[in-house]
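Residue numbers (this note's numbering), protein chains in the order written: chain A, 1 to 270; chain B, 1 to 318.
For the record, the hints were derived by calculation from the structure and aren't laboratory data.
Backbone N, C-alpha and C fix where the C-beta goes; we use that ideal spot for every residue, glycine too.
Hints may be right or wrong, so weigh each one.
So, partial list: chain A residues that the calculated Cβ filter (under 10 Å) puts toward chain B [unchecked claim]:
(1) Tyr46
(2) Phe134
(3) Ser143
(4) Ser166
(5) Gly229
(6) Glu232
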Amino acid sequence: MATHKTMMKILVTVKEVATVEDEFEIEGTAIADQYLGADLNEWDDYAVEEAVQLQEAGLADEVVTVTIGPEDCEQTIRQALAKGADRAIRIWDDALEGVDLLDVGAKTELLKAVVEAEEPDLVLSGVQSGDDSFGATGVSLASAVDFQWGAVVNGLEHDLEDGVASVRRELEGGVEELTDIDLPAVLTIQTGINEPRYASLRGIRQAQRKDLDVQTLADLGVDAGAVEGDLELTEMYEPETESDVTVWEGGADDTAGQLAELLREKGVAQ
Amino acid sequence: MTDVLAVADHRRGELRDVSYELVTAGRELADVTGGDLHLAIISGPVDDFAEKANREGVDAIHTVSHGEEFNHDIYTQAIAQLYDAIAPQYVLAPNSVNGLDYAPAVADELDLPIVTDAVGLETDGQTLIANREMYGGKVETTVEVDAESALVTIRSAEWPTAEGTGDASIEALDADIDKDAIGSSVTGFEEVGGGDVDISEADVLVSIGRGIEEEENLDIIRDLADALDATLSSSRPIVDNGWLPKNRQVGQSGKVVTPDVYIAIGISGAVQHVAGMKGSETIVAINTDPNAPIMDIADYAIHDDLFDVVPALTEQFQ
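So that you can see chain A by itself, here it is in the shape it has in the complex (with noise of 0.2 Å):
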């Protein structure tokens, strides 16, 4: 079907995450609050600075982000507003609340919802969140709205001529496989495609009064049942370690000189 739009849509995921300081303790099957800090999820930050950029270069002419998560989160949100983001949509229910493993079953089926109602030409997740790490929900929304996908994106060609996105996705030991997508797709992107930007003072100004819709599982018309889920998150536990570290204590020239010692003994710099 030949298209007229010479514009594109794009919808990026949005994560916030939650982040953990050096010591911790564990209550139940969760970290406990005080030890937990939120951020942007790092892989989404760069799918926002990738969608931005494509709006720069004239190719989209709106950024829509999504969210899953409570009202806590909406700082966060601002933050890919700030960026450059349009507008933001964000999902929340009471039958969110309280589940402590969203798995990738039931975020698929909200993401959903809001894809077959924007109806972006491209999406971009990041490849993973640094929290639960699943790093699925990328390629399975694009499975269930029938797109094209390409998973662990880390170089996206701007022109995306004749609706192709060409792609390298980041294979692992240093090699990359170029790819070429049909659009409509999903990219879940990985770190260092870009240069995240900073926000700027004028953007975070900007992002307080850009459109930030609330939708129910109601609104996005899922059931309830649908994120159930079936998983259950039963132990959380710090991993044994089979550790046999020797620490050297001390200031940093007594450290320094035990290091400086070893390196000697293993004929190192001589």
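Given chain A's structure and the hints, the job is docking chain B onto it.
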């Protein structure tokens, strides 16, 4: 519904080691469920791969000869057809870059719950319990899967590789691949990280991570590398930031290194990094965080600020 279906991983004509690890993981599950272990080999030189993968513990190998290189649409369609034919209780896939490019789509297609990046798996025949990390390896969790059937991707190098020669039946599946549904095509491969230096050849590596904070601070690390006559390398964030070229990156997506001495400075030791340097003979870690995962594999450690320790160390060699 007691069988297990594992999907082999290969790239550019080579069967990857995780394929043999999948056999081990799959066998362990099948021993409890009482079913057979099936191994799917999709695309590439499938007959050659089938022979190699026919190790102890595999009951049946199913080959799908369709295309040379990985394509997620072909994988998704072929696995869905195998799933319908075998009706396995569990499907295992590698948590590789390609595994993550098809496994979530297979799970969606077949309406299966998916657990990714498992480092341990157990079943009592009914409930599947997976171990997986969260928060970049700071904690481990157990996740129970309450479903008749599930798809799991496993982390590489967590299970031993299956050995020996098996007596699996090898059958070619004439998969019905809908070519119209294939919306992506590989146009080539590129090796990255070439250039002026090969960090995998170095005897001593001074490796820097996120702890360096600012690009300007790299000078103190360069000074140390010079003083030690060592080669400078880094973890991923440094390359992502554009502070060092890709050929300096140690890890899963960079280079695998095995120097005599590896000095990890301000590197927390994410699993992707550790995969690239754990074979080093002696590992020294300098990091303020005594709980950083790098400490699990370090031989020697200094729990202190790199901005104090590194200049002091450099001075020792000047």
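Check the structure against each numbered hint from earlier and tell me which ones fail, lowest number first. none
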